[in-house]
Amino acid sequence: MSEAQKPISPVFFAHGAPTLAIEDTSASRFLKSFADSRSWPDAILILSAHWETEGLKLSAPGPLRTYHDFRGFPPELHEMSYPARADEDRVDETARLLEDAGYEVELDGDRGLDHGAWVPLSLAFPRANIPVTALSLPDGSTPETVYELGRTVAPLKETGVLIAGSGSTTHNLGDIRPQGSDAPDWARNFDRWLDDGLKAGSIDYFRDLEAVPDFRRNHPTEEHLLPLFFAFGAAGQEARAELLHRSYEYGSISMSYFRFAAEAA
Numbered sequence: 001m002s003e004a005q006k007p008i009s010p011v012f013f014a015h016g017a018p019t020l021a022i023e024d025t026s027a028s029r030f031l032k033s034f035a036d037s038r039s040w041p042d043a044i045l046i047l048s049a050h051w052e053t054e055g056l057k058l059s060a061p062g063p064l065r066t067y068h069d070f071r072g073f074p075p076e077l078h079e080m081s082y083p084a085r086a087d088e089d090r091v092d093e094t095a096r097l098l099e100d101a102g103y104e105v106e107l108d109g110d111r112g113l114d115h116g117a118w119v120p121l122s123l124a125f126p127r128a129n130i131p132v133t134a135l136s137l138p139d140g141s142t143p144e145t146v147y148e149l150g151r152t153v154a155p156l157k158e159t160g161v162l163i164a165g166s167g168s169t170t171h172n173l174g175d176i177r178p179q180g181s182d183a184p185d186w187a188r189n190f191d192r193w194l195d196d197g198l199k200a201g202s203i204d205y206f207r208d209l210e211a212v213p214d215f216r217r218n219h220p221t222e223e224h225l226l227p228l229f230f231a232f233g234a235a236g237q238e239a240r241a242e243l244l245h246r247s248y249e250y251g252s253i254s255m256s257y258f259r260f261a262a263e264a265a
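Using the numbering used here, the first residue of the sequence shown is number 1, and each one after it goes up by one.
Read the hints as simulated data drawn from the structure, not as lab findings. All C-beta atoms in this analysis are idealised placements derived from N, C-alpha and C, irrespective of residue type, glycine included. This list has only true hints and no planted wrong ones.
With a Cα cut of at most 25 Å, we get these calculated SDA-like pairs of lysine to any residue:
{"no.": "1", "residue 1": "Lys-6", "residue 2": "Glu-148"}
{"no.": "2", "residue 1": "Lys-32", "residue 2": "His-50"}
{"no.": "3", "residue 1": "Lys-199", "residue 2": "Phe-30"}
{"no.": "4", "residue 1": "Lys-57", "residue 2": "Ile-203"}
{"no.": "5", "residue 1": "Lys-32", "residue 2": "Asp-191"}
{"no.": "6", "residue 1": "Lys-32", "residue 2": "Asp-42"}
{"no.": "7", "residue 1": "Lys-199", "residue 2": "Asp-214"}
{"no.": "8", "residue 1": "Lys-6", "residue 2": "Pro-126"}
{"no.": "9", "residue 1": "Lys-57", "residue 2": "Glu-99"}
{"no.": "10", "residue 1": "Lys-32", "residue 2": "Arg-246"}
{"no.": "11", "residue 1": "Lys-6", "residue 2": "Gly-201"}
{"no.": "12", "residue 1": "Lys-199", "residue 2": "Asn-189"}
{"no.": "13", "residue 1": "Lys-32", "residue 2": "Asp-195"}
{"no.": "14", "residue 1": "Lys-6", "residue 2": "Leu-97"}
{"no.": "15", "residue 1": "Lys-57", "residue 2": "Thr-142"}
{"no.": "16", "residue 1": "Lys-57", "residue 2": "Phe-70"}
{"no.": "17", "residue 1": "Lys-6", "residue 2": "Lys-32"}
{"no.": "18", "residue 1": "Lys-32", "residue 2": "Ala-261"}
{"no.": "19", "residue 1": "Lys-32", "residue 2": "His-245"}
{"no.": "20", "residue 1": "Lys-32", "residue 2": "Gly-251"}
{"no.": "21", "residue 1": "Lys-57", "residue 2": "Asp-139"}
Restraint ranges, calculated between C-beta atoms of paired labels, are given here:
{"no.": "22", "residue 1": "Arg-127", "residue 2": "Glu-158", "range": "18 to 28 Å"}
{"no.": "23", "residue 1": "Arg-216", "residue 2": "Thr-145", "range": "14 to 24 Å"}
{"no.": "24", "residue 1": "Asp-92", "residue 2": "Glu-210", "range": "31 to 41 Å"}
{"no.": "25", "residue 1": "Trp-186", "residue 2": "Asp-92", "range": "38 to 48 Å"}
{"no.": "26", "residue 1": "Arg-29", "residue 2": "Glu-79", "range": "18 to 28 Å"}
Make a model of the complete structure from these sequences and hints.
Structure follows, in structure tokens:
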């Protein structure tokens, strides 16, 4: 098996605020070094918390628009572009896996990449020369349904595709603090609870999020946590999580990055 054909372990990226793309932080430095010790993928499939849709959508082949889905940030962010393309064969392969599993998939030629996708990708793969396919987060998703979505596309990792979820393990924008503030106990404790479940390797651990202490303080809405389970499911039933990096921005925003594999290295 050649280097290019080696299976690529799925990952979860924290994307933080859009300013991650231009600020020098511990998380941005981690992302800039992400590919240094790894084989570069032949393609990327990413599910971002910021593309929620009725039903399931997939980016159509062709150039992907850099979608500036934010307001109130420095003008230079609005001028940034990540000129990735969706490859027709990769889109077809992904759609076929999903449709064979019973999903109805709509190709979307307009959306492109939101900041949950292009911000981390622009840091990890700045040349934008790897084909990217974006997959939406269907309305009404749960940890179990997103996990199954990941399991459905799991064969792609055997063909050199990096399967990625992008979100945040804590995401309460109403309780952010000045950059550099200490992370509160309620955020750190939630991350510890999450780590325990990911190490256990069973999606059953996450069935009742509402019962978790401070869950709603960490996630007033759950869309930023759900992409984690997409990467978890794509790794396979025996997968365990390897925490690659963790820091906190604006006090309570956890910048946690995971790799999922049957045997985490």
